[in-house]
Amino acid sequence: MKAIIPVAGIGSKLRPLTHTQPKALVPVAGKPILSHIVDILVGGGIREFCFIIGYLGDKIESFIEENYRKSGLSVEFVIQEPREGIAHALWCARESIRNEKEVLIMLGDTILTLDIQGFLKVPTSVLGTKKVETPGNFGVVEIDSRDNVKRLIEKPKIPKSNLALVGIYKLNNPKLFVESIEKIIDDGIKTLGEYQLTDALMEMLKHGEPMGIFPVNNWYDCGKKESLLEANAILLNSDEFMDTDKYNYPNSVIIPPVSISESCKIENSIIGPNVAIGEDTTVRNSIIENSIIGSFSRLDVAVLNGSVIGSDTILKGPSQSLNIGDNTEINYSSKE
Numbered sequence: 078m079k080a081i082i083p084v085a086g087i088g089s090k091l092r093p094l095t096h097t098q099p100k101a102l103v104p105v106a107g108k109p110i111l112s113h114i115v116d117i118l119v120g121g122g123i124r125e126f127c128f129i130i131g132y133l134g135d136k137i138e139s140f141i142e143e144n145y146r147k148s149g150l151s152v153e154f155v156i157q158e159p160r161e162g163i164a165h166a167l168w169c170a171r172e173s174i175r176n177e178k179e180v181l182i183m184l185g186d187t188i189l190t191l192d193i194q195g196f197l198k199v200p201t202s203v204l205g206t207k208k209v210e211t212p213g214n215f216g217v218v219e220i221d222s223r224d225n226v227k228r229l230i231e232k233p234k235i236p237k238s239n240l241a242l243v244g245i246y247k248l249n250n251p252k253l254f255v256e257s258i259e260k261i262i263d264d265g266i267k268t269l270g271e272y273q274l275t276d277a278l279m280e281m282l283k284h285g286e287p288m289g290i291f292p293v294n295n296w297y298d299c300g301k302k303e304s305l306l307e308a309n310a311i312l313l314n315s316d317e318f319m320d321t322d323k324y325n326y327p328n329s330v331i332i333p334p335v336s337i338s339e340s341c342k343i344e345n346s347i348i349g350p351n352v353a354i355g356e357d358t359t360v361r362n363s364i365i366e367n368s369i370i371g372s373f374s375r376l377d378v379a380v381l382n383g384s385v386i387g388s389d390t391i392l393k394g395p396s397q398s399l400n401i402g403d404n405t406e407i408n409y410s411s412k413e
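Numbers given in this note's numbering equal positions in the sequence shown, counted from 1, plus 77.
Everything labelled a hint here was simulated from the structure, so no lab data went into it.
The following label-pair restraints were derived from C-beta to C-beta distances:
1. Lys198 x Asn345: 48 to 58 Å
2. Asn325 x Lys136: 30 to 40 Å
3. Pro350 x Asn295: 14 to 24 Å
4. Asp221 x Glu153: 35 to 45 Å
5. Ser340 x Asn214: 37 to 47 Å
6. Lys208 x Asp116: 18 to 28 Å
7. Gly213 x Gly120: 27 to 37 Å
8. Asn382 x Lys227: 40 to 50 Å
9. Lys237 x Pro327: 55 to 65 Å
10. Lys136 x Asn345: 32 to 42 Å
11. Pro350 x Lys227: 36 to 46 Å
When the alpha-carbon atoms are kept at most 16 Å apart in a straight line, the in silico EDC-like pairs for lysine to aspartate or glutamate are as follows:
12. Lys208 x Asp224
13. Lys79 x Glu125
14. Lys252 x Glu179
15. Lys108 x Glu356
16. Lys208 x Asp298
17. Lys90 x Asp298
18. Lys79 x Glu177
Quick reminder that beta carbons are idealized off the backbone N, C-alpha and C, glycines included.
Just need the whole structure built from these sequences, with the hints factored in.
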């Protein structure tokens, strides 16, 4: 089975982090969002991937080539230009989709946990779903008494279901799927100003394609700072990140769970809980909790809680909550 992963978005809700890197490469719990996605699918036995790239796509391509090509995966890249929605992105990859027996689609800003083997073994086309409190913010699935999908609608004003689409789909009829996308594009059918995947799937339903639903255990839509930090905290809550014996920093306290790169330097600081720090970052005289810190950064006399700090960043002086992009220097000290 081939996996199709759209990662062309600009990530405007994560600015300024996404000024210099695509949203899919923003780190969560010690590795980029895209790594979490690819690792889940590889764990399910998928070896063929098509990435739909756009904004800063060269960085996506370089990351995949450097980290996954050597592992024997079959990888291709398709460019989406202009960006007119998820359905349009998949239309750009139509030649990589239409002749497959079945395809898996997973959105590039979503981290989730599910029984991937069970999901792939569902005999019909199947959509990953989760019950939510605010279904009007998502694509929504309406089902019949046998849990068969009967309707899909994008961000309904008056939801008739609380089952949200979570960004993972297995389609057993790729040819019909491509024809359905072409239909909504040819007819100019846009919802909220874009060609939506929900509308293409609805077109498949009209042609009699059976679809089921599959519940996911956890789902993190990593499109904004708050959900990034929530995902980071929950993903860190495993045995792998509870062991602090491997950390030995001068005059410092490490409170698990944390993910700290081996190349980091930490002095006179309190780190944790729920903190992830990237490669070659230096932290001195600081207190950091519930935060994500990028690589090659330097923090001195910083007090951070609920913050996301990009790479190649310098921060001096106290602060409470920041969302800082790459290549930034902030100095609250009056001594310099």
